[in-house]
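A.B. asks: As a plain string of letters, each chain reads:
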Amino acid sequence: MADLIVLHVTRYRPEDESRPTTQEYEIPLRKDWSVLDGLNHVKDHLDGTLSYRWSCRMGICGSCGMTIDGEPKLACATFLADCAPGPVRIEPLNNFPVVRDLVVEIHDFMDKLSAVKPWIIRDDEKSPAEGEYLQTPAELEQYKQFSMCINCMLCYSACPVYGLDSDFLGPAAIALAQRYNLDSRDQGGHERLNVLSTEEGVWDCTFVGECTRACPKHVDPAGAIQRYKVTAATESMKAVLMPWGKR
Amino acid sequence: MSGDAGLDYGGFYARWYKPRLSRFWWLRRRSYLLFVIRELTSVFVAWSVVYLFLMIRAVSQGDREYQQFLEFSRTPWMLALNVVTLCLVVFHTITWFSVAPQAMVVQLRGRRVPGRLILLAHYAAWVVLTALVAFVVLV
Numbered sequence: 029m030a031d032l033i034v035l036h037v038t039r040y041r042p043e044d045e046s047r048p049t050t051q052e053y054e055i056p057l058r059k060d061w062s063v064l065d066g067l068n069h070v071k072d073h074l075d076g077t078l079s080y081r082w083s084c085r086m087g088i089c090g091s092c093g094m095t096i097d098g099e100p101k102l103a104c105a106t107f108l109a110d111c112a113p114g115p116v117r118i119e120p121l122n123n124f125p126v127v128r129d130l131v132v133e134i135h136d137f138m139d140k141l142s143a144v145k146p147w148i149i150r151d152d153e154k155s156p157a158e159g160e161y162l163q164t165p166a167e168l169e170q171y172k173q174f175s176m177c178i179n180c181m182l183c184y185s186a187c188p189v190y191g192l193d194s195d196f197l198g199p200a201a202i203a204l205a206q207r208y209n210l211d212s213r214d215q216g217g218h219e220r221l222n223v224l225s226t227e228e229g230v231w232d233c234t235f236v237g238e239c240t241r242a243c244p245k246h247v248d249p250a251g252a253i254q255r256y257k258v259t260a261a262t263e264s265m266k267a268v269l270m271p272w273g274k275r
Numbered sequence: 002m003s004g005d006a007g008l009d010y011g012g013f014y015a016r017w018y019k020p021r022l023s024r025f026w027w028l029r030r031r032s033y034l035l036f037v038i039r040e041l042t043s044v045f046v047a048w049s050v051v052y053l054f055l056m057i058r059a060v061s062q063g064d065r066e067y068q069q070f071l072e073f074s075r076t077p078w079m080l081a082l083n084v085v086t087l088c089l090v091v092f093h094t095i096t097w098f099s100v101a102p103q104a105m106v107v108q109l110r111g112r113r114v115p116g117r118l119i120l121l122a123h124y125a126a127w128v129v130l131t132a133l134v135a136f137v138v139l140v
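So the protein lines, in turn, are chains A and B. Using my numbering, the letters of the first sequence correspond one by one to residues 29 to 275. Using my numbering, the letters of the second sequence correspond one by one to residues 2 to 140.
Only chain A is shown next, with the shape it has when bound in the complex:
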């Protein structure tokens, strides 16, 4: 195995250039190095001006999402050895504005995330003295998969619907809404319905399925969206058939 590998890294320095360019770096190819380790090597030894986000190095924080050889990936979970012999193409996440180099602007996602109220909503809050809200393992199983989301936005980068129409609420936000909708302790489903059951909500999704393939935590956002479409359709039918009913 050759002991060097070339990275083709997208650079964007807004103070100097109006379009991104590509810069080449040659780094050691080590068996246990991820793409993130390679970028850290560049930053520490070759070019301190390179900008990218990272934190935990172990697929939990969701910071180091980027496009690696054309695929949305976590840089910490993609090994250089798997990209050999290279060159490895490293670009920022698709479908987001680029702030600098590999750093993208994420406020659109942050706004959407808070719009679906991803927390437990109760109509009747128990006092702490009354104890916890208990849950069986079967009830936990209902939403556990969706709770694995780390907000890395790889699904937004993979989604052509979001690329074409950035008003789309998007895969992770809907999957996280489902994480709480399916939680036996939550009573906020009707509050989320107004955000989810709109054209920019679940109905914009045309089930391309790329979000699920891109997800590094096997959350299956595409499945979550299709399941919510059934819920949304049922709720709107109920609203038509029983307008006096409680929503």
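In short, the hints are calculated from the structure, not lab data. Heads up, none of these hints are tricks.
These stretches of chain A come out as covered by chain B in the derived footprint (C-beta under 8 Å, 3 or more residues): (1) 181–192; (2) 229–236; (3) 239–253.
For glycine and all other residues, C-beta sits at the position ideal for the given N, C-alpha and C.
Given chain A, put chain B in place with the hints provided.
C.D. replies: Just chain B now, kept in the frame of chain A:
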């Protein structure tokens, strides 16, 4: 949704690079291409429904109209259209069946029914319905 509340980037907004999705984005990956083909098949699904209605109308109006309909169906361009339609409707069916397990969560005795069984049930229903229709039409 705007994300401007409380943000101050000191005028750096104008400097964000906003790449535009190419008009040919659907050629970028095989899965995108298959998806776009699947969406386009809906036009042919609609045609197959129209064709079915035309046939039912012809049958209901008597033997002469039905013979005319058969003549009309025998023309080369109609045959070509219907062969293409058949291929695309089958493609539509298979691709939708293959994503059905993702959209359907069926619980049986507290356990989630595996996706493969749901897929199998779809194909079984397809075979049964086809046999039923064939029985009604042929017997």
